[in-house]
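Asker: Sequence:
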Amino acid sequence: MTQSMSLQRFYLFAVATLCALAAALLANPAHARKVALVIANAEYQATSPLSNPPSDAALVAEAAKQAGFDDVTLVTDVGMEAFEAALREFRKKADGAEVAMVYYAGHGMEGKGKNWLLPVDAKLEAERDLPYEAIELDLVMDAMYGAQVRMVVLDACRNNPYANKWSSSTRAVARGLVPVEQDDVIVIYAAAPGMVAFDGDGNSPFAKSLAKRLPQPDLPLQLLGGTVRDDVLAETEGDQRPFVSASVTGT
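In this text, residue positions in the sequence shown follow my numbering: the first is 1, and each later residue adds one.
Keep in mind that a hint or two might mislead.
Here are the simulated lysine-lysine pairs, BS3-like style, with alpha carbons at most 27 Å apart [claimed, not checked]: (1) K212 x K34; (2) K212 x K112; (3) K34 x K208.
Computed beta-carbon distance windows for the label pairs [what the hints assert, rightly or not]: (4) Q66 x E125: 37 to 45 Å; (5) T47 x G194: 16 to 24 Å; (6) E89 x S245: 37 to 45 Å; (7) S51 x G226: 37 to 45 Å.
In case anyone wonders, no lab produced these hints; they're calculated from the structure. We put the beta carbon where it would ideally sit given N, CA and C, even for glycine.
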């Protein structure tokens, strides 16, 4: 009788432990195979607002879910503090993930030889303000460092909104964004370096193609950017050429 009760208690304990472990795994996004952070900034306070980022980001977020991403976070109109908080939270989810993707739609620029993404509360009087008012792309890369494959999609290759405001001595500020080269990362730009992207009607040509191709089951991630580029080139009759930097295999 005592032995039977002991076995029963053991089985109950084992079942309870397995249930607790399963609940913990489900509750911890870090164990998701694919995670995505989608950011849309449109309502800028100190420079020109944008029309398309919210609809483009919503389209891409839905496509990511269809593509099998286990955890998709969509944030809109984030200031500096909220932007950094979103990246910190995403870093936890990306640790141990098979694929981590960040899609950003909003104002972005090149300055000091680096790429910067602009929070909606950015107040830039000069290029030297960038480290204090904008998010360096390297910070986004670092947030995904724990994932096996990292993918950054930058729908931010628009004209520098401060180009006319800043003095001509700001030599490092250019149109569009500059290329980034890192191992095990795919970077897809809406437009080639030095060029700008078009908003389109309702959704941008770039966002529409990305949303169409991302869930395509027979399209490896390393070929995604090239396929999107071809789509956009065709739709814009060559006026917009997305740019791809990829250093991954077997995904």
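Asker: For every hint, state whether the structure bears it out.
Answerer: To see whether the hints hold, each was checked on the structure:
1. Of the supplied pair hints, the one linking K212 and K34 holds, its CA atoms being roughly 18 Å apart against a limit of 27 Å.
2. Our distance criterion of 27 Å between C-alpha atoms is broken by K212 and K112, whose separation comes to about 35 Å.
3. Simply put, K34 and K208 have alpha-carbon atoms about 21 Å apart, close enough for the 27 Å limit, and the pair holds.
4. Between Q66 and E125 the C-beta distance comes to about 43 Å, which sits within the given range of 37 to 45 Å.
5. With their beta carbons about 21 Å apart, T47 and G194 fall inside the hinted range of 16 to 24 Å.
6. Range check, E89 to S245: Cβ separation about 26 Å, and the 37 to 45 Å hint is violated.
7. In this structure the supplied range 37 to 45 Å is violated for S51 paired with G226, their Cβ-Cβ distance being about 28 Å.
Consistency note: the structure conflicts with the earlier hints numbered 2, 6, 7.
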